[in-house]
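What follows is the residue order along each chain.
There are 2 protein chains.
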Amino acid sequence: MKNIIIASTSTIHGSGYLEYILDELSILFNEANSILFIPYARPGGISHDAYTDTARTAFAKINKAIKGIHEFENPVEAVTHAEAIFVGGGNTFVLTDQLYRNHLIEAIQTAVKSGTPYLGTSAGSNICGLTIRTTNDMPIVYPPSFNALALVPFNINPHYLDPDTNSKHMGETRETRIKEFHGFNPQPVVGLREGSWLRVSGDSIVLKGKLTARIFEKGKTPYEAEHDTELNTLN
Amino acid sequence: MKNIIIASTSTIHGSGYLEYILDELSILFNEANSILFIPYARPGGISHDAYTDTARTAFAKINKAIKGIHEFENPVEAVTHAEAIFVGGGNTFVLTDQLYRNHLIEAIQTAVKSGTPYLGTSAGSNICGLTIRTTNDMPIVYPPSFNALALVPFNINPHYLDPDTNSKHMGETRETRIKEFHGFNPQPVVGLREGSWLRVSGDSIVLKGKLTARIFEKGKTPYEAEHDTELNTLN
Chain A
228 MKNIIIASTS
238 TIHGSGYLEY
248 ILDELSILFN
258 EANSILFIPY
268 ARPGGISHDA
278 YTDTARTAFA
288 KINKAIKGIH
298 EFENPVEAVT
308 HAEAIFVGGG
318 NTFVLTDQLY
328 RNHLIEAIQT
338 AVKSGTPYLG
348 TSAGSNICGL
358 TIRTTNDMPI
368 VYPPSFNALA
378 LVPFNINPHY
388 LDPDTNSKHM
398 GETRETRIKE
408 FHGFNPQPVV
418 GLREGSWLRV
428 SGDSIVLKGK
438 LTARIFEKGK
448 TPYEAEHDTE
458 LNTLN
Chain B
228 MKNIIIASTS
238 TIHGSGYLEY
248 ILDELSILFN
258 EANSILFIPY
268 ARPGGISHDA
278 YTDTARTAFA
288 KINKAIKGIH
298 EFENPVEAVT
308 HAEAIFVGGG
318 NTFVLTDQLY
328 RNHLIEAIQT
338 AVKSGTPYLG
348 TSAGSNICGL
358 TIRTTNDMPI
368 VYPPSFNALA
378 LVPFNINPHY
388 LDPDTNSKHM
398 GETRETRIKE
408 FHGFNPQPVV
418 GLREGSWLRV
428 SGDSIVLKGK
438 LTARIFEKGK
448 TPYEAEHDTE
458 LNTLN
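Top line first, the protein sequences correspond to chains A and B. Every letter in the first sequence is one number past the one before it in the working numbering, and letter 191, counting from 1, is 418. Every letter in the second sequence is one number past the one before it in the working numbering, and letter 150, counting from 1, is 377.
The set of hints was computed from the structure by calculation and includes no laboratory data. Don't take every hint at face value.
Note that identical chains are pooled: a pair holds if it fits in a single copy or bridges any two copies.
What the hints assert, rightly or not - The calculated DSSO-like cross-link candidates involving lysine-lysine, where the alpha carbons are at most 30 Å apart (straight line), are:
(1) Lys-288 - Lys-395
(2) Lys-395 - Lys-340
(3) Lys-445 - Lys-288
(4) Lys-406 - Lys-395
(5) Lys-395 - Lys-435
(6) Lys-288 - Lys-437
(7) Lys-395 - Lys-229
(8) Lys-435 - Lys-340
(9) Lys-294 - Lys-406
(10) Lys-447 - Lys-294
(11) Lys-294 - Lys-435
(12) Lys-288 - Lys-447
(13) Lys-437 - Lys-229
(14) Lys-340 - Lys-229
The model shown is predicted, which means the values in this text are computed figures rather than measured ones.
Just chain A, same shape as in the assembly (with noise of 0.2 Å):
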């Protein structure tokens, strides 16, 4: 049964890294001693084991330990024998590009699907989707594949921002951008604001956290979801 949390960002504004979150992380993790972390999207550019690390320190309040995954020598294993998996935010085309090198999607699948708890900010919640066709990241890197984890039947947009209407910048806005991806693409969207996060436990996906999140859905005009709603039947 899957038990994932996909959260829109690692860290909201004023706080420290998950500490918005750390309850909700007890739970899901309440069997795990133990955590996989993959530290491949490298926020910034910092290192594996710098980006460890702070997951580390972040975890130790919840008395959960982190290993990270390019500590093992072989990350499918690695990914199949784990207790519960983190992976965290950043780029998420290295990231991406990162899980295809290592064979990493269908292992993680296998694992999601048969209940390692997972969790994923950022970068790590939009590889949940369908495709990272929804990344607000800079292509920096080019991955043999957009296809993702397809851990729910919907493409996420974490840092779902809204349109500054006193913004003189000619640059899309993120409601233009999901409208052209509609263009090419038929699946949902689901834009997570700073502080959402989704919780899927098996069939079901619903919408936490105190915020609305904003669904679009190609033809339609896009609307506001409440939090607690179910998003199971997006699809």
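Following the hints, put chain B in place on chain A, whose structure we already have.
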């Protein structure tokens, strides 16, 4: 001899399409009666016809005819025989994908290197760099490669935006994204603010417009280039 304008944007705030740069375009295109427009980037998902009409209206003001490349049976021949080329903005991934599918990368390179004047705005400027790996756009389609036209020896980041020091949003700033780019790519990046453009004449590449540009070189602190600076040494 190369004769190119690489503009950050087609439109600056409070002004019509191409209006701010029309005098420059009269000079760039002074020997052309007709301009081949490449509407593949489809901003907001509009049709090739509708987008071509927008370009047609703007260029009528300086008495230039516009033909959309989609009106030709053979796009490669259309490029080869064009008096001038304009590649409009929109989604860089969609644009790049269509250029590859229509076998236009080499055709455009050959035409521009033999002197066909070229205007790019936004996505049409992104593709003038070595790769599209510094685009701001959403990867809504998967192109066969991120390699671009390489008309200049560096990468372009159009619509360059300075960090908003008042923001409470935790998504990466543009500067952070380009720093991450340099973790995986060696080439310099020119961050072109809206209202700026690069004027390429043969081997010369000069920054034009009233603003400075932000230059990112791997391993160096980013710095500002003044307008009228020669950037051909950047590689």
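Status of each hint after checking the structure:
1. With identical chains, the CA atoms of Lys-288 and Lys-395 are at most 30 Å apart between copies only, with a shortest distance of 25 Å across copies and 43 Å within one.
2. Proximity of Lys-395 to Lys-340 under the C-alpha cut-off of 30 Å is found in neither arrangement, the shortest distances being 46 Å within a copy and 35 Å between copies.
3. In this assembly of identical chains, Lys-445 and Lys-288 lie within 30 Å of each other by CA distance neither inside one copy nor across copies; the values are 42 Å within and 37 Å between.
4. In this assembly of identical chains, the alpha carbons of Lys-406 and Lys-395 lie at most 30 Å apart whether taken from the same copy (21 Å) or from different copies (25 Å).
5. For the identical chains of this complex, Lys-395 and Lys-435 are inter-copy neighbours only, at 20 Å across copies versus 33 Å inside a copy, given an alpha-carbon limit of 30 Å.
6. Proximity of Lys-288 to Lys-437 under the C-alpha cut-off of 30 Å is restricted to the intra-copy arrangement: shortest distance 23 Å within a copy versus 52 Å between copies.
7. When the C-alpha separation of Lys-395 and Lys-229 is checked against a cutoff of 30 Å, the pair qualifies neither within a copy, at 44 Å, nor between copies, at 33 Å.
8. For a Cα distance limit of 30 Å, the shortest separation of Lys-435 from Lys-340 inside one copy, 21 Å, qualifies, whereas the shortest one across copies, 55 Å, does not.
9. In the homo-oligomer, the alpha carbons of Lys-294 and Lys-406 lie at most 30 Å apart only across protomers (27 Å), although the nearest pairing inside one protomer, at 40 Å, exceeds that limit.
10. In this assembly of identical chains, the alpha carbons of Lys-447 and Lys-294 never lie at most 30 Å apart, being 44 Å within a copy and 33 Å across copies at closest.
11. In this homomeric assembly, Lys-294 and Lys-435 come within 30 Å of each other (Cα to Cα) only inside a single copy, at 28 Å, whereas the closest approach across copies is 51 Å.
12. Taking the shortest Cα distances, Lys-288 and Lys-447 never come within 30 Å of each other, neither inside one copy (44 Å) nor across copies (37 Å).
13. Taking the shortest Cα distances, Lys-437 and Lys-229 sit within 30 Å of each other inside one copy (23 Å), while across copies they are farther apart (55 Å).
14. Within a single copy, Lys-340 and Lys-229 get their C-alpha atoms as close as 5 Å, which meets the 30 Å cut-off; across copies the closest is 56 Å, which misses it.
Checked against the numbered hints listed earlier, the structure breaks hints 2, 3, 7, 10 and 12; every other hint is satisfied.
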